[in-house]
Amino acid sequence: MRTATPWSEVFDQLLVATGETLYMVVVSTLIAVLLGTPVGIWLQLTAPGGLRPRPVLHKVLGFVVDLGRSMPFLVLLVVLTSLTRLLLSSTIGPTAAIVPLSVGAIPFVGRLVQNVLSEVHVSVVEAAVTTGSSTLRIVRSVLLRESLPALVNAVGVTAIALLGYSAMAGVVGGGGLGDLAVRMGYQRFNDRFLWSTVVVLAVIATAIQLITNRVARGVDRRRTTSA
Amino acid sequence: MITVENLTKTFPGSTGQVRALDGVNLDVAAGTVLGVVGPSGAGKSTLARCVALLERPDSGSIRVDGTDLVSLDGTALRAARRQIGVVPQGDSLLRQRTAAGNVALPLEAAGVAGPQRRNRVAELLDLVGLTDKAGSYPDQLSGGQRQRIAVARALAASPSVLLADEPTSALDPDTTGSVLTVLDRARAELGVTVLVVTHDMGVVRKICDDVAVLEDGRVVEHGKVLDLVSDAASRTAASLLPAVDQNPAAEGSFDRVADIVLIGFAAVGALLPEATSRFGVELNLLGGGLTRLGETPVARFRVGLKGERADSALEWISEAGGSVRRTLAGPQGVAA
Ligand SMILES: Nc1ncnc2c1ncn2[C@@H]1O[C@H](COP(=O)(O)OP(=O)(O)OP(=O)(O)O)[C@@H](O)[C@H]1O
Ligand SMILES: [Mg+2]
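In the order they appear, the protein sequences are chains P and Z.
According to our numbering, the first sequence is numbered sequentially starting from 6.
According to our numbering, the second sequence is numbered sequentially starting from 1308.
In isolation and in its complexed conformation, chain P is listed as follows (with noise of 0.2 Å):
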């Protein structure tokens, strides 16, 4: 019979675990937004009645974007290897498992920014139009302004997807919270590293929620209320 693993060991390996699970998230979280809102709003612009309608070519980046979206993680993890090797030379821990983590959400923030986008109202896109603003001035000031706020909760979300799909970085040796839950809590059956896993996913999950909701609060300029 094995005797439970002390608690003070339990803190410190999940103190590694949930740094390197922190670094994966933030990171690829950063990456996949700055790569992935250039993608949505692409798609926004070349749509019907967008800016500037280019339906094929929307169709196109449409198809691989949800190609891109409807792949499994675990198979973009093996997929993109070269890729990382070719970026890190090197395919092992918790910077290789960014690779695949950035690309894999780079289309699901392109759809979610897309979405967000189309909800400024048609007349309000018009009406910079003619006020002879360039494209450019109408995506920065209209578009990504008017929409900041649920483009803020679209990060959030994004954050929050990447914390579950970093659970299989321990599959290229990435670590983390779920590679530990796996490796202790469920091959070992170690109750307390399944537990204390768990817990601190869940922590994470919502102090992401929290924050992003308090900064989409923030940006939004809209009062309610008479100033």
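Misleading hints may appear alongside valid ones.
[Said to hold, decoys possible] From chain Z, some residues computed to sit far from chain P (all C-beta separations above 12 Å):
| id | residue |
| --- | --- |
| 1 | Q1324 |
| 2 | G1348 |
| 3 | G1381 |
| 4 | D1446 |
| 5 | P1466 |
| 6 | T1482 |
| 7 | A1544 |
| 8 | N1554 |
| 9 | G1559 |
[To be verified] Covered stretches of chain P, as calculated for chain Z (at least 3 residues, CB under 8 Å):
| id | stretch |
| --- | --- |
| 10 | 132 to 145 |
| 11 | 150 to 160 |
What the hints contain is simulated information worked out from the structure, not anything from laboratory work.
As the structure is a computational prediction, the values presented were derived from the model and not from experiment.
All residues carry an ideal CB built from backbone N, CA and C; glycine is no exception.
Using the hints provided, position chain Z with the ligands relative to the given structure of chain P.
Only chain Z with the ligands this time, still in chain P's reference frame:
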């Protein structure tokens, strides 16, 4: 000044091509207000959108102050758009910007910066009477106030032309008045040429100098409102003038019955009493009433006349500027 020539626009529809505009010709003189009216689907919005350079017509030309705008592209198109202020159909304000921020939008696009921009925004908020709402967000404004801010924004870059598509369609009569006052001030104080699309003849009655009636993509009537009202065949006249009830029983006892349209203070006030005393006829008002077109009082009365010289009286009224349409020759049976 706006000149539209032979404008044609078709859209692909489910049952073949829809001809939204079918050879439209229009003229709006500088500093006047044209009302575009017509049934739903007539092509009013399509016309406004073509002039706003939001829709490219299939053929024809649109000239604003002499320049043809139809074929412009890129930078030239954007520059041309600044010459045309547009109040789009529906809610079009940026909800994340204050009233002042919304008015500033065209100035940003035109590269007007700093104190100059702030001054111009203040001027326009003053023009639309919303200086105290500068810092309010659209969600804090009433529908009428939002529409006035949209007008202020359309005027910010000093365009020579202002287009408004149904600017009062969602408003109650009181707020409609405040928005129309603002459009009228734009014309009076800034000399802007205004094209306003509306289904509300009240808008035409209050602020339009000219009116164009669209039907199935064609202009079926176009002219000065005050000219059209004295034209018995005009449908604009029919919808602008006070109605007269048919009452054949009452009309039977007169020698002559006529509809008379009178325009202007002098005519409305004096013409009928003077005719009575000059020709010694008895004149009874059977129906109709008084209205105002812009600042001008206009009346349409159905009158019954009794007396030897009833025909002469009607003729005199007609020569003095009244527009007379006889409806009944009377027992004397004398055709004029
Ligand atoms: N983008 C479009 N695609 C296809 N058909 C269109 C489009 N825009 C307008 N149409 C068609 O063109 C015709 C004229 O439409 P338009 O919107 O100009 O009418 P309207 O006079 O403004 O009507 P309403 O008073 O209802 O606003 C209609 O038959 C309409 O269905
Ligand atoms: Mg319309």
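Here's how the hints hold up against the structure:
1. Q1324: Its Cβ never comes within 12 Å of chain P, the nearest being 18 Å, so this holds.
2. G1348: About 19 Å separates G1348 (chain Z) from the closest Cβ of chain P, which puts it past 12 Å; holds.
3. G1381: Answer for G1381 (chain Z): violated, closest chain P Cβ roughly 10 Å.
4. D1446: D1446 (chain Z) not clear of chain P: closest Cβ-Cβ about 5 Å, inside 12 Å.
5. P1466: 9 Å, violated
6. T1482: Correct as stated: the minimum Cβ-Cβ distance to chain P is 18 Å, above 12 Å.
7. A1544: 34 Å, holds
8. N1554: Nearest chain P Cβ is 48 Å from N1554 (chain Z), so the label holds.
9. G1559: The claim stands: G1559 (chain Z) keeps its Cβ more than 12 Å from every Cβ of chain P (closest is about 56 Å).
10. 132 to 145: holds (count 9)
11. 150 to 160: Answer holds; 3 residues pass the 8 Å Cβ test.
In summary, the structure is inconsistent with hints 3, 4, 5 from the numbered list given earlier, while agreeing with the others.
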